[in-house]
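K.L.:
Here are the chains, one letter per residue:
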Amino acid sequence: MSQDVLVVAEHLKGELADVTFELLGKGRELAEATGGALEVALLGSGMRAAVASLGAADRVVVVDHPLLGDFNPEPWVAALSELVAKKAPRLVLVANTSMGMDLAAALSVRQDLPLVAYAVDVAVEDGKVVATSQLYGGKIYAESVLEGGSGIVGVLAGSFPADAGRKDGAPQVEEMEAPAAVGDAKLRFAGLVEPEGGDVDITQQEVLVAVGRGIQSQEHMPMIEELAKALGGAVCASRPIVDSKWLPKTRQVGKSGLKVKPKVYLALGISGAPEHMEGMKDAELIIAVNTDETAPIFEHAHYGTTEDLFDVVPALTAKLK
Amino acid sequence: MNIVVPIKLVPDLIEELEIDAGGTDLDRDSLSYKINEFDDHAIEEALQLKQAHGGSVTVLALERDETDKVLYTALAKGADRAIKITGVAEDASSHAAAKAMSRVVGGLDYDLVLTGVQAADDRDGQMGVLLASYLGIPHVSVVSEVELSGDTVAVNKEYAGGVMARFEATPRIVLGVQAARQTPRYAPVSRVRQVMKEADIEEVEVEDPAVPAGWTVRRMYAPVKGAGAKMLDGSAEDVAGKIAELLNEKRGRA
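Going down the list, the sequences are from chains A and B. At position 59 of the first sequence the residue is numbered 59 (our numbering), and the sequence of numbers has no breaks. At position 179 of the second sequence the residue is numbered 179 (our numbering), and the sequence of numbers has no breaks.
Be aware that one or more of the hints could be misleading.
Unchecked claim - Here chain B is said to cover these stretches of chain A; the calculated rule only asks that three of the stretch's residues, wherever they fall, bring their Cβ under 8 Å from a Cβ of chain B:
hint : region
1    : 96-105
2    : 124-135
3    : 186-195
4    : 257-264
Unchecked claim - One side only, chain A facing chain B, incomplete, derived with CB under 10 Å:
hint : residue
5    : 66
6    : 108
7    : 117
8    : 121
9    : 139
What the hints contain is simulated information worked out from the structure, not anything from laboratory work. Computed from a predicted structure; not experimentally measured. Where is the CB? At the ideal position from N, CA and C, for every residue including glycine.
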């Protein structure tokens, strides 16, 4: 085992994800603490040019193969597993994203490495790696200590500033051949599906009125629309509302939806699960209305109330008209 | 297709979660368990596939306080078989739970495994991916609608920003379900009661795989309540007034 820290690069349509730079910034700190190098695993096809933007790392291990071009869990796991076996890093940092979820746990089983997922912080204390996970919908935090040897941490996107990891440069490049297993994949990537256009672009709105499960029924949606209209903003929602088809996917805020940064974010009946917070925590002013005083949304909101949204919303609309 | 749906019971997050005296785990005596909501979506999607294409749906769960109720509910909704797995510790890691599941799933005649994409307590990884890895079959997480056409399974995997990647495979495969094509159906209590009289839950005992976690929980804690938010007091009317002020100020209309 080396003392190196390995960051697994994530990319879509040839663009490195923000979370990769977030992990690089934190990875730099961790590598200083372990006394190892900071490495990047860059799996892809024709991604070599991206090395220049990975200046925060000491070394980039490039695995180039046509079947690694677009993310596909099966060949990616095969290639990453081989890479980790060869490099034997002290710590592997993977984003706890849609792609990263399909990598981290599989790598853990393949290489018999312990994994901690949903991390919002990672540190080295007295020579040991400590990761803080956000569990139970953000209601509980757990600090886990890596007992020795190597380990994997799945880090939630947005946990660290990306700027700290964005640095142009010319890190050392190590080419690694893709293992034969990459070509044996039974799972086939069949293309990307882009979201439908035509709806309000919630990422461009200054005022967003967001609804969550607390709204209870579709019948209550007009009341929310009316408030948004009075505020000159748009209605958006957390995942359950979109899953119930009360609003289109284009209005979903969060991990698998859109990231928004409005001037005002009024969160109504939203508990503030980590998946949702990831998409809106940078709003300039967050006001949360939720009857559950323990709802994690209050941790991130600037102002909050536990009054019932069904009382607050009509009163507020009346005052704004 | 024969579909297997491994589900997890997780603490009900509506209840207050208490930390035990050791400060490293939830106080499990105080917990009430319910089905992981993503698993409920996995059951729904499996039942939709069965309705459209035939086959069977088998639901599996590790034994917890509420497991019987959850499994009878799955049967009432239309699942064909329900299997309760005993012998695994209540505080088992996701790795241990998945390994125990893999031993049972491996003995079944199945084509597809549908399970919830994640659960509130999977600190050491998600059930679907771990299970697939132990079974040695491919997996795709964060999928919504599952399409079957002949021998081919097609799914969309969700990425940030509404972009999705389409994948195609032939069974066997594990799919981590984010959302079913429609809201999970509801089983009326009367139907569940009837099923409890008519149907049986099969029990399979496994040896606790006790996979060493490798990580030790040093501390578990609840974030300070409402630490960030300044709470507005008064009646709903007062609160609405204060919010209106804040909004007008921010929008430059004070």
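K.L.:
Hint by hint, note whether the structure agrees.
P.N.:
Taking the hints in turn, this is what the structure says about them:
With 7 residues having a Cβ less than 8 Å from any Cβ of chain B, the region 96-105 of chain A passes the three-residue criterion, so the hint holds. Only residues whose beta carbon comes within less than 8 Å of a beta carbon in chain B count, and the region 124-135 of chain A has 4; three or more means the coverage holds. Only residues whose C-beta sits within less than 8 Å of a C-beta in chain B count toward coverage, and the region 186-195 of chain A has 10 of them, enough to reach three; the restraint holds. Coverage of a stretch by a chain is defined here by at least three residues with a beta carbon nearer than 8 Å to that chain's beta carbons; for the region 257-264 of chain A and chain B the count is 5, and the condition holds.
Among the interface hints, the one on residue 66/A is violated; its C-beta lies about 16 Å from the nearest C-beta in chain B, farther than the 10 Å criterion. Interface restraint check for residue 108/A: the shortest CB-CB distance to chain B comes to about 6 Å, inside 10 Å, so the restraint holds. For residue 117/A, the interface hint holds, the least distance from its beta-carbon to any beta-carbon of chain B being 5 Å, beneath 10 Å. The interface hint given for residue 121/A is broken, as the beta carbon of that residue sits about 13 Å from the closest beta carbon of chain B, more than 10 Å.
Hint status for residue 139/A: holds, given a least beta-carbon distance of 6 Å to chain B, under 10 Å.
Hint violations for this structure: numbers 5 and 8, all remaining hints satisfied.
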